[in-house]
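Need the complex rebuilt from these two chains, each delivered in its own frame; the hints are there to steer you.
In order, the protein sequences belong to chains H and B.
Here the first sequence is numbered in my numbering, starting from -2 and rising by one per residue.
Here the second sequence is numbered in my numbering, starting from 1431 and rising by one per residue.
These are computed hints drawn from the structure, not numbers from a lab.
In this text the structure is predicted, and so the values were computed from the model without any measurement.
Every residue, glycine too, gets a C-beta built ideally from N, C-alpha and C.
Among chain B residues calculated to face chain H with C-beta under 10 Å, some are:
| hint | residue |
| --- | --- |
| 1 | Phe1464 |
| 2 | Gln1468 |
| 3 | Gly1471 |
| 4 | Gln1475 |
| 5 | Leu1476 |
| 6 | Ile1532 |
| 7 | Lys1536 |
With a straight-line Cα cutoff of 30 Å, these simulated DSBU-like cross-link-like pairs (lysine-lysine) come out:
| hint | chain 1 | residue 1 | chain 2 | residue 2 |
| --- | --- | --- | --- | --- |
| 8 | B | Lys1531 | H | Lys65 |
| 9 | H | Lys65 | H | Lys21 |
| 10 | H | Lys75 | B | Lys1536 |
| 11 | H | Lys21 | B | Lys1531 |
| 12 | B | Lys1491 | B | Lys1536 |
| 13 | H | Lys21 | B | Lys1491 |
| 14 | B | Lys1498 | B | Lys1536 |
| 15 | B | Lys1479 | B | Lys1498 |
| 16 | B | Lys1531 | B | Lys1479 |
| 17 | H | Lys65 | H | Lys75 |
| 18 | B | Lys1498 | B | Lys1531 |
| 19 | H | Lys75 | B | Lys1531 |
| 20 | B | Lys1531 | B | Lys1491 |
| 21 | B | Lys1536 | H | Lys65 |
| 22 | H | Lys21 | B | Lys1479 |
| 23 | B | Lys1536 | B | Lys1479 |
| 24 | B | Lys1479 | B | Lys1491 |
| 25 | H | Lys75 | H | Lys21 |
| 26 | B | Lys1536 | H | Lys21 |
As a plain string of letters, each chain reads:
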Amino acid sequence: DAGVIQSPRHEVTEMGQEVTLRCKPISGHNSLFWYRQTMMRGLELLIYFNNNVPIDDSGMPEDRFSAKMPNASFSTLKIQPSEPRDSAVYFCASRVSGTDNEQFFGPGTRLTVL
Amino acid sequence: AQSVTQPDIHITVSEGASLELRCNYSYGATPYLFWYVQSPGQGLQLLLKYFSGDTLVQGIKGFEAEFKRSQSSFNLRKPSVHWSDAAEYFCAVGGYPYNDKIIFGKGTRLHILP
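So here's chain B without its partners, still in its complex pose (with noise of 0.2 Å):
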């Protein structure tokens, strides 16, 4: 079955510390995998994906997530978090090709302190 676990559940930094974020999926075809972020009040909005390729990709506001097949995970990273990366975090897998449900995590809280 088709399923994504992100382990943790709130995560707190420094500002200007180094971040990752965990996230392994189940799916069994080839997935495509997406990380959505939600500040408070929002809706989701789309960070990085992941389709083919090279399995470090690059995606808006500095973030950057890594494709392990081997381990079944797709970590977000980023160098040096600002406060403005406060929010909700949630890794995502879909199917090839082009199928039409995604399914999501359950979200890591990003607490950013000052």
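Excised from the complex, chain H in its bound form (with noise of 0.2 Å):
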């Protein structure tokens, strides 16, 4: 098993500029999560799909982040415009939904924004 893939692994981009992170969760597995983690705030939950509907958002921080799973296999997490403050290294995860809640963890995108 590949286990999850991100891509890509660094992006560096200008402010202003619209910034799509990718994911590839687990073959078999239904749900998915989008976490940001920084020095201040720690590892935080954006976002998490159950059979690729958003359950819950409400860790996104502005209406300038947009997630979607337009199918089983892939996810984007998606930020325009993007901002300085939006640095950060970006995780996807996915797991079996119903069964103890083991999450497995993508290697993480990491964004600059200049």
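Below you can see the structure in the form of structure tokens.
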């Protein structure tokens, strides 16, 4: 199993640009989570999906952030327009819903907004 | 409200010494408890988890944790640390039954002296 796959691993962009982060969950997992990790705030849950449906997006910081899951094997997190304070590591995780809560994490995308 | 407290931001121990990382949680129902480890530049990896039964749980890499309901604690231990254990450790709590969201602590960074 390839594990959770995230791309790109690193992204450097300028303020105001659109950024799209991508995630492929583990095959057979039907829950997907997006987290943001910063030194100041630690690991924050942004949004999660069950069976491709967004269940809780209360952690999405602003309307500039949006997430989609068009099918069971792909999700995107988009920031438009990006700002320097969005600089962080963004993790995607997946698991099988309805079982124990172990989540499997991807390697993360390190985003730098200049 | 659900919360996880890891009171130690940094801990330094000598190689071969014993280790205990502290974790306290606040949760209104039966908790699921986890310890994850994050090596530099990597995603989070599950070390161990507790749902029910024996309050002393064994994990990977020689780690163990003890659930103490009366103290709302789930401390992580290892009898003898190795240089490769240098990483950041996260305690997390989720709910029963199968609550999708888990709450992470801010993490404890472990440094190993040769």
